[in-house]
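J.: Each chain, letter by letter, is given below.
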Amino acid sequence: MDYDNAARDTINAFAPSVSWEELLWLLPHEILGATIVFAMLAIAVRRHFFVTTVITTLGLIAAALAASMQFSHLVQGAPSALVTPLFLIDAFAVFFVIVLCLGALALAILGFGYFARLDDAREEFQLLLLLATLGAVTLASSAHFVSVVIGLEMLSMALYGMIAYPIHSKVGAEHSLEAAFKYLVLSAVASATMLFGMALIYSQTGALEVVGSANSMLGYASPLALVGVMLVFVGIAFKLSLFPFHLWTPDVYEGAPLPSVALLATLGKVAVGAFFLRFLIHSHLLLNESVTLVLALLAVASILAGNVLALRQTNLKRLLAYSSIAHMGYWVVALLSGVGLGSQNMAASAAAFYLLTYAALSLGAFACLSIASSSESEAGVLSDYRGLFWRSPWLALALSVMMFGLAGIPLTAGFIAKFQVFFAAVESSQWGLLAALVLGSAIGLFYYLRVIYQMLQPAGEEGRTLRDLGLESVGSVITITLVVLFVLWAGILPEPLLVLIAALFG
Amino acid sequence: MSESLGLLPALPLLGFLILALSGGKLPKTVVALVGAGSIGLAFLVALNLALPIIADDSLIVRETLYTWMAVGSFEAQFGLTLDGLSTVMILVITGVGFLIHLYSTGFMADDPSYSRFFAIMNLFVASMLILVLADNLLLLYLGWEGVGLCSYLLIGFWYVDPKNGYAARKAFVTTRVGDTSMALGLLLLFTQLGSLDIQELMQAAVANWSVGSGLAIAATLLLLGGAVGKSAQLPLQTWLPDAMAGPTPISALIHAATMVTAGVYLVARTHVLFELAPSVQLLVACIGLATLLLAGFTAMTQHDIKRILAYSTISQIGYMFLGLGVGAWSASVFHLMTHAFFKALLFLAAGTVILSLHHEHDIFKMGGKRRQLPIAFASFLIGSLALAAFPFTSGYFSKDEILLAALEFETYGTWLWLGGVIGAVLTGFYSFRLVFVVFFGGSNGHHDAREVTGFSMAAPLFVLMLLALVGGFLTQPTAAVFGAHGQAGEHTVSAALHAVMIAAPLLGMLASYLVYGIGLIAPDTILRSGVARGLHTFWFSGWGFDWVYQRVFVAPFLWLARLNKHDIFDSVVSLLVRLTETANELLARSQTGSLRWYVLSVVGGMVVVLLATDLGGLL
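Here the protein sequences line up with chains C and Z, keeping their order. Per numbering that gives the first Met the number 0, residue 0 is the first one in the first sequence, and the count goes up by one each step. Per numbering that gives the first Met the number 0, residue 0 is the first one in the second sequence, and the count goes up by one each step.
No lab work stands behind these hints, which were simulated from the structure alone. These figures come from a predicted structure and were not determined experimentally. Hints are supplied without guarantee of correctness; some may be wrong.
Stated by the list, open to error - Covered by chain C, according to a simulated footprint, are these stretches of chain Z (three or more residues, beta-carbon under 8 Å):
#1 55 to 61
#2 574 to 586
Stated by the list, open to error - Interface residues of chain C toward chain Z, partial, derived using beta-carbon atoms under 8 Å:
#3 E29
#4 G32
#5 V44
#6 R46
#7 L183
#8 L194
#9 M197
#10 V226
#11 W247
#12 L292
#13 V293
#14 L308
#15 T313
#16 W488
Said to hold, decoys possible - Derived contacts from chain Z toward chain C, CB cut-off under 10 Å, selection only:
#17 S3
#18 G5
#19 L6
#20 D110
#21 V451
#22 T452
#23 F454
#24 S455
#25 A458
#26 V462
#27 L594
#28 G603
#29 L609
Backbone N, C-alpha and C fix where the C-beta goes; we use that ideal spot for every residue, glycine too.
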């Protein structure tokens, strides 16, 4: 009998009971999970792309609404909740859950327009999208390495499928299988590295918690723990495509269908970034000089390599891939300006704002591209956009806003984001990083403006006509309008957003 | 009520947007309605805002338009403040501005670029209002640059003639020298006192800087540089006479009534700083005195009707600077207001003369025009009386206060006063020289001229005549802004000195009557002597400043530019370009597309990261 009791205690210790109240904190996750099941059933009953899309969007809206309600409670002072050791539901997590759900919503709508004419099964795209969103949401709210791995793998698994999605299509993207395969193999390498790093950390501190006291002074735990941290960094750096773990990015971006790339560039980056931010805040790793040295090297190398590589790129998808490398470098500069070290934590706010802005800008850019394209023919090459201003001025205007934003021109959110990074770096006297930031921004201006320059060129003989917009693109047009408005609003009147984000770290 | 503060610059801005975006496709009546109407409405708004402040001058209206962003200690805010000082300014800008817009609807009626003209005029008024309403120096600087840009665009309005383009460029570049100095001043103030909000700045300056401290002197000197450039004072006065290349209403609005007095406004606005630097304040007075005399002498020799008025403007702003220098803040702002009335009147009347005489500018080709051009004659008579400070006209009161304050100034007060009185003699002379030569005597050309009038052009003249006559009786609500001192108190001056001050302009008028009125002494007889001839040439050229600047600044600059024809600095930039291109080629080679190589890179990166970790650990 004693043995049974002991066994039960052991079981209880490993599987702590979850109360109803705690389950309520996971409502967005549950809604997403339920939507996946429901959508799968709907597909089994009858294949209908529109219906599947509607189910997907409704599920995402419901999840976003649930998260918003949680957010308003948390901002008004409700205590944050640790739901099992795996999830920490606080304002920070819920904020990113909302952002991720809204991003996924936009992607579902864009995907509908893009895949409407695919000569293959289309419904599963939304299913994979939901799965990826669930993974991203899990990652953003995780408080434990176990949930981190679960979230990351869920996101990655869905992405493999999404990148290779038009695989049976006769006219779909040609290189999607190659891209998916590259991503699969390299992602597996990165995941293995990361897992090994987590194991090393566990061996030294005996804890897998990201938040809480056990790993709160990770930088000083032991040399081996630090090696573990570095291996985790390698995994994260791969997902964020920091130099020298970036080589896959342009190939995958080029080969994958546009909505999948957009997901990779937005949800993928935001979820991993949010986790990284949380990890750094709670582990106080930046107190350790080895950590800052490594991150600084990664940041400077990414900024320079990303911008330089983008310089003469004529494929717009590859250009955006290189741009993402550079932007993630800028973002690491924000982290290095003292995340987790100051009480006010300006650097963390700057980093969170940057992540949000970058996601919005690349979502907008890919949305413009996917409006101009369809699964049969992608407008990926820069010359496809020659003279776009004269053919469809509004689309060209929207793409210009995104390019201005990515370049960090004032009156767009991109400027505010970059300004904050600059400011945080100045405040923490990161002069070397600032130099890289300035140099990178200067080079960046060249290739962003070249896109606009191409669009302003007179459309010659070779000017391809983009696809005519059908009914399936109504949602995409609305989405892109909203993104443009957001980018301008956050550039002209950023104060409310800045206050909101500062409250996440209050 | 406070909501309408933002409305004030918004109305002309809206007018500008409508006119600019319509691209000159609107009919002229609509353009006139939008162009002049927006300013008229703005005047009504200004009046509505001003009335409570005139009743109680300690009232201050504030409005934060919006906070762009607040990051850490940095906060970029756009706020407007209306106090007694800015009340005077907005009334002048919108009131006189409206009259000039109204006049322009007639004056510019035949111009093909009618819409462009009003668009820039409206933008100018909006910028000027932002300048005077700004509650921080950064926003003020925005307005400051805005008016500078409009001034440039309007001087070169008839850009087909390269001469006008040159004049515009000269004005822009010369004022840019001052603007740079001012920008440096702003940076200095921000780094030293940590704010650009005018109120906070003044309090911080008083708290942190002692009287005569080096920083206060440096900051005020830099600000003064900006003021001197904008207000065409020594040594940056050379651009204003050439700025007369623009249409005459522009000269009235920008180069007489409003923009050129922005320097006076700036010094008055930051007078707390200047009080901390008495030596700079004395410098302000000296600059004012020197400028008013120099411009006065030059005005006596000019032939071009607009250049005479331009030099007279420089001279009158010299008086304002003199007032600022002796701490008579209120009197200076008073003179700014009355000057706006009578100088706008004179310029608009000059516009009528010029238009009636088929774009004739040379006063010696006019003569005896008082019957042909009765309204212009009346305007000139009244305007010149006010300009010369004839007793009980508007100019008399304001100039009187400045001179009395100068007299009471402890350092060199008597000398400053004496200089001002001599300047008054000159003013009397050159203003009535103009009147006698143009309107009296025999006709020297354009015998069949008929006055161009019409409601839109005549009405503003009549209103301004009235203001020039009785404007001196208007009270201004600046007492609270400038505190106890700087306020016109009861001056205790002997009757003899007062008599001298009244007599001085009359003396000038008399001399001018003798020379040009009845020809008792012909100008040619004076000019026969070598000394007088030399002086005349020297004065006529504006004391040779252009000549000197041409040799000291322009020529060496052009020489340097020629020397560097191939632009060696550019090769540094090209080197950078080539460097990045090479880097691009090298890095692009790493994108092989081969999976094996990619994995290798990940592993290699991992090794480097771990090495760096060890390295960091050893450090």
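J.: Taking the hints in turn, state whether each one holds.
T.: Here's how the hints hold up against the structure:
1. Here the stretch 55 to 61 of chain Z counts 0 residues with a CB under 8 Å from a CB of chain C, which misses the bar of 3, and the coverage is violated.
2. With a cut-off of 8 Å between beta carbons, the stretch 574 to 586 of chain Z has 5 residues touching chain C; three or more are needed, and the interface restraint holds.
3. Proximity of C:E29 to chain Z is violated relative to the hint, the smallest CB-CB distance being about 36 Å (cut-off 8 Å).
4. Hint status for C:G32 relative to chain Z: violated, with the closest Cβ pair at about 32 Å, above 8 Å.
5. Annotation: C:V44 was flagged as interfacial toward chain Z, and the flag is violated, the nearest CB pair being 40 Å apart, outside 8 Å.
6. A distance limit of 8 Å between C-beta atoms decides the matter here; for C:R46 the minimum to chain Z is near 35 Å, and the interface restraint is violated.
7. Taken as an interface hint, C:L183 does not check out: its beta carbon lies about 10 Å from the nearest beta carbon of chain Z, beyond 8 Å.
8. Taking 8 Å as the C-beta contact cut-off toward chain Z, the hint placing C:L194 at the interface is violated, the least distance being around 14 Å.
9. Interface restraint check: C:M197 against chain Z, minimum CB-CB distance 15 Å, threshold 8 Å, status violated.
10. At its closest, the beta carbon of C:V226 sits 6 Å from a beta carbon of chain Z; the interface hint therefore holds under the 8 Å criterion.
11. With 8 Å as the threshold, the beta carbon of C:W247 comes within range of chain Z, its nearest partner Cβ sitting at about 6 Å, so the hint holds.
12. Contact between C:L292 and chain Z, as hinted, is supported at the beta carbon level, the nearest pair being about 4 Å apart and thus within 8 Å.
13. Below 8 Å, beta-carbon pairs count as interface contacts, and C:V293 has one with chain Z at about 5 Å; its hint therefore holds.
14. Nearest Cβ of chain Z to the Cβ of C:L308: about 5 Å, under the 8 Å cut. The hint holds.
15. Annotation: interface hint on C:T313 violated; nearest CB of chain Z at approximately 12 Å, more than 8 Å.
16. For C:W488, the shortest C-beta to C-beta distance to chain Z is roughly 12 Å, which exceeds 8 Å, and the interface hint is violated.
17. This hint is violated: Z:S3 has a C-beta 21 Å from the nearest C-beta of chain C, more than the 10 Å allowed.
18. The beta carbon of Z:G5 is not positioned within 10 Å of any beta carbon in chain C (closest approach about 15 Å), and the interface hint is therefore violated.
19. About 19 Å separates the beta-carbon of Z:L6 from the nearest beta-carbon of chain C, more than 10 Å, and the hint is not met.
20. A distance limit of 10 Å between C-beta atoms decides the matter here; for Z:D110 the minimum to chain C is near 32 Å, and the interface restraint is violated.
21. Proximity of Z:V451 to chain C is violated relative to the hint, the smallest CB-CB distance being about 46 Å (cut-off 10 Å).
22. Hint on Z:T452 is violated. Least Cβ distance to chain C is approximately 47 Å, over the 10 Å limit.
23. Taken as an interface hint, Z:F454 does not check out: its beta carbon lies about 43 Å from the nearest beta carbon of chain C, beyond 10 Å.
24. For Z:S455, the interface hint is violated, the least distance from its beta-carbon to any beta-carbon of chain C being 39 Å, above 10 Å.
25. At about 42 Å, the closest approach between the beta carbon of Z:A458 and any beta carbon in chain C exceeds 10 Å, and the interface hint on this residue is violated.
26. Residue-level restraint check for Z:V462 is violated (minimum Cβ-Cβ distance to chain C is 41 Å; threshold 10 Å).
27. Below 10 Å, beta-carbon pairs count as interface contacts, and Z:L594 has one with chain C at about 6 Å; its hint therefore holds.
28. Among the interface hints, the one on Z:G603 holds; its C-beta lies about 7 Å from the nearest C-beta in chain C, closer than the 10 Å criterion.
29. The restraint placing Z:L609 at the interface with chain C holds, with a minimum CB-CB distance near 6 Å, inside the 10 Å limit.
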